[in-house]
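S.K.: Relying on the hints, combine the two individually framed chains into one complex.
So you can see what is in the structure, the chains are spelled out below.
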Amino acid sequence: MSIEELDHTADAKIRVKAGTLEDLFSEAGRALMQVMYGRPGKDGRTYPLAVRGDDLESLMHAYLSELLFITEVEGLVISGADLRIGEGFVEGVVRGEPFSMEAHNAGRGVKGISYSGLSIVHDQESYILDVIFDV
Amino acid sequence: MTMLPGIQRMSEFEWQVPVGYVPGMRVPGLFFLSESLAGTLEEGAVTQLANVATMPGIVRQSLAMPDIHWGYGFPIGGVAAFSRDEGVISPGGVGFDINCGVRLLAIPLREAELGKRRELVERLFAAIPTGVGGKSALRLSNRELDRMLLEGASWAVSEGYGIDEDTRVCEQEGCMKEADPAAVSQKARQRGMPQSGTLGSGNHFLEVQVVREVYHPEAARAFGISSGQVCIMIHCGSRGLGHQVCTDHLRTLEAATKKYRITLPDRQLACAPIDSPEGRAYFGAMAASANYAWANRQVIMHYTRKVLEELYGVAYKDMHMVYDVAHNVAKMEEHVVGGTKLKVCVHRKGATRAFGPGAPDLPAAYSSVGQPVIIPGSMGSPSFLLHGTSGAMEKTFGSTCHGAGRVMSRTQAKKRLTGKEIRDTLGKEGIIVKAPSDAAIADEAPEVYKPSIEVVRVVHEVGISRLVARLEPLGVIKG
Numbered sequence: 001m002s003i004e005e006l007d008h009t010a011d012a013k014i015r016v017k018a019g020t021l022e023d024l025f026s027e028a029g030r031a032l033m034q035v036m037y038g039r040p041g042k043d044g045r046t047y048p049l050a051v052r053g054d055d056l057e058s059l060m061h062a063y064l065s066e067l068l069f070i071t072e073v074e075g076l077v078i079s080g081a082d083l084r085i086g087e088g089f090v091e092g093v094v095r096g097e098p099f100s101m102e103a104h105n106a107g108r109g110v111k112g113i114s115y116s117g118l119s120i121v122h123d124q125e126s127y128i129l130d131v132i133f134d135v
Numbered sequence: 001m002t003m004l005p006g007i008q009r010m011s012e013f014e015w016q017v018p019v020g021y022v023p024g025m026r027v028p029g030l031f032f033l034s035e036s037l038a039g040t041l042e043e044g045a046v047t048q049l050a051n052v053a054t055m056p057g058i059v060r061q062s063l064a065m066p067d068i069h070w071g072y073g074f075p076i077g078g079v080a081a082f083s084r085d086e087g088v089i090s091p092g093g094v095g096f097d098i099n100c101g102v103r104l105l106a107i108p109l110r111e112a113e114l115g116k117r118r119e120l121v122e123r124l125f126a127a128i129p130t131g132v133g134g135k136s137a138l139r140l141s142n143r144e145l146d147r148m149l150l151e152g153a154s155w156a157v158s159e160g161y162g163i164d165e166d167t168r169v170c171e172q173e174g175c176m177k178e179a180d181p182a183a184v185s186q187k188a189r190q191r192g193m194p195q196s197g198t199l200g201s202g203n204h205f206l207e208v209q210v211v212r213e214v215y216h217p218e219a220a221r222a223f224g225i226s227s228g229q230v231c232i233m234i235h236c237g238s239r240g241l242g243h244q245v246c247t248d249h250l251r252t253l254e255a256a257t258k259k260y261r262i263t264l265p266d267r268q269l270a271c272a273p274i275d276s277p278e279g280r281a282y283f284g285a286m287a288a289s290a291n292y293a294w295a296n297r298q299v300i301m302h303y304t305r306k307v308l309e310e311l312y313g314v315a316y317k318d319m320h321m322v323y324d325v326a327h328n329v330a331k332m333e334e335h336v337v338g339g340t341k342l343k344v345c346v347h348r349k350g351a352t353r354a355f356g357p358g359a360p361d362l363p364a365a366y367s368s369v370g371q372p373v374i375i376p377g378s379m380g381s382p383s384f385l386l387h388g389t390s391g392a393m394e395k396t397f398g399s400t401c402h403g404a405g406r407v408m409s410r411t412q413a414k415k416r417l418t419g420k421e422i423r424d425t426l427g428k429e430g431i432i433v434k435a436p437s438d439a440a441i442a443d444e445a446p447e448v449y450k451p452s453i454e455v456v457r458v459v460h461e462v463g464i465s466r467l468v469a470r471l472e473p474l475g476v477i478k479g
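Top to bottom, those sequences are chains A and B. All residue numbers for the first sequence refer to our numbering, where the first residue is 1 and numbers rise by one. All residue numbers for the second sequence refer to our numbering, where the first residue is 1 and numbers rise by one.
Incorrect hints may appear among the rest.
Said to hold, decoys possible - Okay, derived cross-link-like pairs now, DSS-like style, lysine-lysine, Cα gap no bigger than 30 Å in a straight line: (1) A/LYS17 / B/LYS414; (2) B/LYS420 / A/LYS42; (3) A/LYS42 / B/LYS415; (4) B/LYS317 / B/LYS434; (5) B/LYS135 / A/LYS17; (6) B/LYS317 / A/LYS42.
What the hints contain is simulated information worked out from the structure, not anything from laboratory work.
Bound-form chain B, shown alone (with noise of 0.2 Å):
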């Protein structure tokens, strides 16, 4: 097995970054990963966590999932607390898709029930604007936009593109309260407004999925799903409004950071105090743009059920939403922190929150359960459903993974395979993919992520979240 020089395992699967590792770190660091995913660790990413250390008012670690990769500002894969008190907010642990996320639709056919697939990929790819140029059907005014900014799921839903339960069972239903739309600026609404309710490209996919096999059938009852039946799968996030807004005010803190004389390894993790008037301009604008990544997904979460309401005759209200999770984010929580509550505000990049049983903001049919978390695979590969810990709320600010991670860059990706290779194979193991273009399909196959199963194994072993079930592809559309 080869381990990176300087680091000190801790256990099977803990890893500590030590104080030193780069000169000014406050805490250690601390990552996750099996011997088997240790060959994909890249020192780009470690040196990424160790920056982060060196923050002020960083809290205990500075931590990352076994999906840990090479980002910028903060690793892919990155969590970390700082104190309210003498703390930072930056958008260097957010990143530019502010809420991109995962949310989770079981329909209520089983798999042998659902025919027709590829006419069904077909029209879920007419009904849902994807890609580069994917416009929205929606004409939103300022004001409209306004409220969407403000309200975020339960605007949409009070459009009509969904029903009450839908906001109910969305981590902090679906709006979080601190958003400031003054915050956001005209060039950021100028690139939201065409693009409400499209899904986007890159790594962002619609999935039709199976669930194949059930882990934990208590959980699996009390999330609404069981073995053979058909789910859909939404990931995609806040668009051009949150990519503007993080651009905007990376640029508001990086004059911030001089002001307040910060010293930092890394310019993309430009930050203030949080109660200083740069951290919660930003705060207020991040908050917004995560309310509109929610309504994104709402209203994407509403052509698709109009479609197989159309072709399946199912009704719209049995197409029960499971959950919905973001994965880059920074919140205002509570944690136990040496015995002591303490108010922190917790950044997750490429994290997702996994509270455990008994935790605030739990819809009461999960509260015994805790969270459902919602992990895509790759295109092409299984995902899967866990759910929170206590075991996450004591070592991780009740966070875990949120997703495979690359191991292969695009440029090694498009040498190997071509789009149209990928799809025919995946065709072969009867998953349908469209995509607006062969190149979109390359740059993702399965093959430049590390395994799935062997992420969720981790953080299932490590306890900081437990496996429920595995779902596997039938369909794709992607951006």
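Same shape as in the complex, but just chain A (with noise of 0.2 Å):
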């Protein structure tokens, strides 16, 4: 599994390597948390997600901008998910700690995940996902 930010003039634009469809929503979440706090969370809390999409990315995105959601209201910092992809849902629980000024490095707003750019790829040995953040 890996995380990598591309360069984007304007935005965040992030490249998601992972083994499996549920690593790669996983994943995507921590590189979300990293644009936004430097690092993701560590485990501690939970809380319920489940979103609809027509597409894999249609998907991705409704995830990505839920995560947007509960770390802005709930404060949470995820870590990580424990998911249950299926045709057109993902549902699960989204671990996390809670943000503080200190540990989190101040944070940085993410205003939203474009569809621009959104693409998951599959290939022989694993998923690849881009994605931009708007910062």
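M.R.: Right, dumping it as structure tokens:
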């Protein structure tokens, strides 16, 4: 599994690789936290989550958008997720720790998850996600 | 000079992206750029400009201002007008931060009279919640939030956060009448309630500035500013509420795109006919978010006035607001196209309205000059005050640039300079910077943006707005 920040002039462009879809979603969430707080959170609290989408890209869009909502409203810095992914849905729990100014480098807001440039490719070995966060 | 292939030069500063640059273009693209800025143009931004030209009902051209850069959906700096009858509305033409905008407050103090500058910056930073964790002192009920979403800046004034004159010098008097709070989801409300009256993070800031040079004395007089005067510039938007509205409606409009059989090259351009249930719902929610942003800037300006009142003994009512502009918004306007008045929905994404003399929706005091156009520089670089022109009404649906436009990615920026180095360098120039973390400063170093002076020079030369004054920073607070 890997998370890489690619060059993008205005926003944060991220590439995530993982062996399974479940890991890809969990890692994508960690990547979002890395952009927002300098690093993903630590385990501690959990929060339930369920989103729907017509295809894999819209599922990922809905999932990451939901994480933005959870991190902002619940103040949860997410460390990972235990998810079940089926036809048109993702459900499960996300794990994380409460936000603190000191521990999370004061944070950097992400305004939204862009559909532009969002792609998920599956080759023999892994899933590869490219996604742009509006910062 | 290097210009990307396939682009035609029309005049010194005007470049055309011909139909056919991407498949399905209905009209050409047109952008404004000087030779010295040509090297900063990204192919991705031109493709996005061309993509907008494929959308149904687009009128005349897909436009971009000289701060054009690669965004999502529309390019940043993008402007497009869509026919009210045959056109579409799209959150991709507005962005996540609905009514991100700028307001300028004139302080009756000269630069030499502004002592205690570090204390001023510290007290502003303490008074105005900033950054990701910044929580509002306001405690809004759902009902009060509804009023804020319906009434915009005048809600804040009615609650004691300003004076009646403020709303008169605000684009659209700080309120889009089409707001529909019912189209704003519970999730958006949950995000918006604790954030009203907060600055946010990223490129948002509050700056203490001095008017360093006046280029157009008559317009400066009309706007109530003079050389050597202290001003405050506030740059922020609709916070999590607007972001959630964009996210929510992107989903419904994606379904609508399929329903109305609209073919698009980019999912972020998801759209619906302006007069469809989905289009109306987005527009109503977007207008409510715009009102939230105006109320937000009004509350922040109130906190600012209180600090200045306490620190320098300046009377609250003597700090007069110059103007407030939105730079991420869609609006229903009338423009003359091919000699005929046409009702259009103008999308401005990272672009500022620049209505010229005599245009509708201008305060009486500014009617003969044109509306004030406030262009923030990047942190530590100059900002500019311009006025709208009849040239903008003819060429750009009354629009101009919105800022400097980035040229360096955040990953590159961080490799080059640390936040502390930038803070120290600006400190030597007499600019005090206060932010929740050095990381926030490193992201927004002056070097990562196009030179703001070159961007405004282009819009001035093209005549889509004209320079009035240059403002230079003395202190900055950042989120």
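S.K.: To test your reading of the hints: which numbers does this structure violate?
M.R.: 5 and 6
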